[in-house]
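A.B. asks: The lines below spell out each chain.
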Amino acid sequence: MPSEFSNAGKASLRAIAVPPLVMNAVRARAQERRSRTGLRRIIVGATLAIGILGAATVAVVKNAGVDLWVSGNKGAFMMHSLEWIRSPQASEFRAAVANATFPVVYPVGLPAGAKLVDMQVAPQGAPSTVMLAYRGPGEFHADFILANPKIVNAAKFGPGGAQPHFGHIDTWRVGDEVVVVPKGLLSAAAIDRIESAMRKTSPAASAADAQSRLLPFIVLGGIDRVVTAARYAPSTGSSVLIEDSQVRSLPRRIAARDPFVDNRVQSLSGFIYEKGKLSGARSKPVPGVSSKKVVINLDGMKAIESALRAHGMLQCRCDVLFHRGAAAYTIWALPLGHGAVSKYVVPAT
Amino acid sequence: MNQLLSSALAGDPAALEGLIHEIWPRCYRLAAAVIGDRALAQDAAQESCAIVYVRLRSLRDRSAFDAWLYRIVMREATRVRRRIPANVPLYDDASFAPDETTSIDVWRALAQLPEDQRDAVVLFYFHDLRTEDIAAIVDVPHATVRTRLMRARERLRASLGDYANDLHVQQGEVQHYAV
Chain B
2 MPSEFSNAGK ASLRAIAVPP LVMNAVRARA QERRSRTGLR RIIVGATLAI
52 GILGAATVAV VKNAGVDLWV SGNKGAFMMH SLEWIRSPQA SEFRAAVANA
102 TFPVVYPVGL PAGAKLVDMQ VAPQGAPSTV MLAYRGPGEF HADFILANPK
152 IVNAAKFGPG GAQPHFGHID TWRVGDEVVV VPKGLLSAAA IDRIESAMRK
202 TSPAASAADA QSRLLPFIVL GGIDRVVTAA RYAPSTGSSV LIEDSQVRSL
252 PRRIAARDPF VDNRVQSLSG FIYEKGKLSG ARSKPVPGVS SKKVVINLDG
302 MKAIESALRA HGMLQCRCDV LFHRGAAAYT IWALPLGHGA VSKYVVPAT
Chain H
24 MNQLLSSALA GDPAALEGLI HEIWPRCYRL AAAVIGDRAL AQDAAQESCA
74 IVYVRLRSLR DRSAFDAWLY RIVMREATRV RRRIPANVPL YDDASFAPDE
124 TTSIDVWRAL AQLPEDQRDA VVLFYFHDLR TEDIAAIVDV PHATVRTRLM
174 RARERLRASL GDYANDLHVQ QGEVQHYAV
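If you read the protein sequences in the order shown, they are chains B and H.
By our numbering, the letter at position 209 of the first sequence is numbered 210, and the numbering carries on one by one without gaps.
By our numbering, the letter at position 75 of the second sequence is numbered 98, and the numbering carries on one by one without gaps.
To be clear, the hints were calculated from the coordinates, so they are not data collected in a lab.
All C-beta atoms, glycine included, are put in the ideal place defined by N, C-alpha and C.
Wrong hints could be hidden among the right ones.
Computed beta-carbon distance windows for the label pairs [claimed, not checked]:
1. B:Asn25 x H:Ser29: 18 to 28 Å
2. B:Val346 x H:Arg80: 28 to 38 Å
3. H:Arg178 x B:Gly114: 55 to 65 Å
4. H:Thr170 x B:Asn25: 10 to 20 Å
5. B:Gly238 x H:Arg83: 13 to 23 Å
6. H:Ser30 x B:Pro20: 41 to 51 Å
7. H:Arg180 x B:Pro150: 29 to 39 Å
8. H:Arg83 x B:Pro348: 44 to 54 Å
9. H:Asp84 x B:Ala26: 25 to 35 Å
10. H:Arg85 x B:Ile255: 15 to 25 Å
11. H:Ser30 x B:Val346: 43 to 53 Å
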C-alpha cells in the first residue's frame with residue numbers, strides 16, 4: 002500500500018507549476034552541444050564508451066599511460082595522453098600508426114559505405130592503442146579499440162582505492178591484438194561477421210581497407226552528416242564539411258576576417274579523472290600541435306554566404322559541404338532533418 | 024508518446040520537437056523536486072531536453088527511453104545544484120506551496136535531507152521507482168540506495184512524525200518507471 006507521504010509527494014509534484022517550454026532555448030542549447038568540438042564530447046564519447054578507472058587507482062597505471070582491463074564481458078580503460086585526428090586523411094592515418102607497438106589489424110567486414118570518421122592513438126608517437134569510430138548508411142555506428150595485448154592487465158586491480166567503473170564490452174583477439182567493442186553498438190551478427198573477417202585478413206590488407214574508408218573531405222564540426230556528405234563530395238580536390246552553427250556564424254566570421262582553419266589534429270594530455278569518470282572538460286590541447294592551416298578562406302566563406310543568402314538558405318538548419326575547384330566553388334547544403342540537398346556553384350574569385 | 028518516440032527515433036524532426044514538448048513537464052517537475060529552486064530546475068530541464076534533442080537517435084533500445092531520460096535529468100540536476108550557495112533556503116518560492124489536500128509539507132521535509140537522500144526519496148516515493156532502478160539512474164550500488172532511503176526515513180521521522188511510520192521499502196508495490 003502506498004504510504005501517505007508517497008501520496009502527498011506525488012500530489013505535491015503534480016502541483017508544481019510548470020513554466021512554458023521555450024523551444025528556441027532548447028534548440029540553441031542543442032546546437033551548442035552539437036558544435037562543441039572540445040574534448041568533453043569526443044573523449045567521453047569516442048573514447049570507448051567503456052568504464053574509466055576511479056581517481057584513486059591512478060597509481061596503478063603503467064604502460065606509458067595506457068591501460069586496459071578486460072574481465073569477461075566487461076572492460077575498463079585509462080589513458081593519460083592521446084593524439085586525436087578527426088576525419089583522418091591518408092597521410093595522417095599512416096603517420097599516426099607508423100610506429101604502433103603491435104601489428105594493427107583494422108576492422109574489416111564493415112558494411113559498404115561505412116566511413117572512418119574519427120581516430121585516436123595513445124600514447125602518441127608509439128601507440129599501443131588505436132581507437133576508431135565508423136559511421137555508415139542506415140545509422141551504422143561502431144567504435145573499436147585495438148590494443149597491444151601487453152597493455153591488457155589481469156582483471157585484478159591495484160591495492161586499495163576506488164573500484165573501477167567497468168563497462169560492458171565485446172572483445173576478441175586477432176593475432177597480437179586485442180579488439181574491444183563497447184556493448185550495444187553492434188548486433189551480435191555484425192560482431193561475428195567482423196570478428197571472422199578480421200581473423201582472415203592481414204595487417205596490410207586491413208590497413209588498405211581502412212584507408213579506403215577514409216572520408217574524401219575534412220570535417221570541422223560534428224560528424225552527423227558525414228555519410229550524406231560522402232555521397233556528394235568529389236573524390237579529389239579539397240572539400241570541407243562545416244556544421245550548422247558554423248554556417249550561421251559566416252556573416253560574423255566574414256566581418257571579423259576569421260577564416261576556417263584545420264584544427265582536426267590535436268595532441269591531448271593532462272587527463273583528469275573525477276569520481277571514477279573522465280573529466281574531459283578540464284583537459285586541454287597541447288599548444289602548437291594544431292596545424293591552423295586555412296581551409297576555407299575569406300573568398301570561400303563569402304561564396305558560401307552569397308549562395309545561401311541568394312536562395313534564402315542562410316538561416317537554414319543545414320551543414321554545408323564546400324569544395325574548392327580551379328574555377329568555381331561548389332556548395333552543398335545538407336539539411337539536418339528531412340529535405341533535399343541543394344547544390345550551388347559560385348565562380349571562384 | 025509512443026508514436027512520437029518512434030517517429031523521433033526514425034529521424035522525424037517534428038516528432039522530436041513534439042516529444043520534447045511531451046517530456047518537458049516531467050523533466051521540469053523532477054528537476055524542481057530534487058533541486059528545490061525554480062530557476063535552476065528550468066536550467067536543468069532545458070539542458071536535459073537539449074541532450075534528448077541531440078542524442079535521442081543514439082538510443083538503441085526504445086524501451087530504455089524512460090530510464091535514459093531519468094538519468095539525464097538527474098545528472099543535470101546534480102550539475103546545476105552545485106551552484107547553490109550554502110545556507111540558501113530551498114523550496115522557498117510559490118512553486119513549492121504545500122499541497123492543500125494533505126497536511127504533510129513534503130517540500131519542508133525534503134529540504135532537511137542531504138542531496139543524495141533527497142534524490143532517493145523523490146525517485147522512490149514520488150516516482151515509484153524500484154531501488155535497483157534508482158541505483159542505475161544515479162549510478163551507485165543498489166545497497167547504497169537502500170542505505171540512503173533508510174537514513175532519509177530516520178531524518179524524515181523528525182519532521183513528519185506519525186506520517187513517517189509507514190515509510191518502509193515496499194519493493195512489491197512499486198511499478199517500473201511509472202511517472
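A.B. asks: It remains to establish, for every hint, whether it holds in the given structure.
C.D. replies: Status of each hint after checking the structure:
{"no.": "1", "hint": "B:Asn25 x H:Ser29: 18 to 28 Å", "result": "25 Å, holds"}
{"no.": "2", "hint": "B:Val346 x H:Arg80: 28 to 38 Å", "result": "32 Å, holds"}
{"no.": "3", "hint": "H:Arg178 x B:Gly114: 55 to 65 Å", "result": "58 Å, holds"}
{"no.": "4", "hint": "H:Thr170 x B:Asn25: 10 to 20 Å", "result": "43 Å, violated"}
{"no.": "5", "hint": "B:Gly238 x H:Arg83: 13 to 23 Å", "result": "37 Å, violated"}
{"no.": "6", "hint": "H:Ser30 x B:Pro20: 41 to 51 Å", "result": "26 Å, violated"}
{"no.": "7", "hint": "H:Arg180 x B:Pro150: 29 to 39 Å", "result": "56 Å, violated"}
{"no.": "8", "hint": "H:Arg83 x B:Pro348: 44 to 54 Å", "result": "46 Å, holds"}
{"no.": "9", "hint": "H:Asp84 x B:Ala26: 25 to 35 Å", "result": "29 Å, holds"}
{"no.": "10", "hint": "H:Arg85 x B:Ile255: 15 to 25 Å", "result": "43 Å, violated"}
{"no.": "11", "hint": "H:Ser30 x B:Val346: 43 to 53 Å", "result": "35 Å, violated"}
Hints 4, 5, 6, 7, 10 and 11, counting from the list given before, are not met by this structure.
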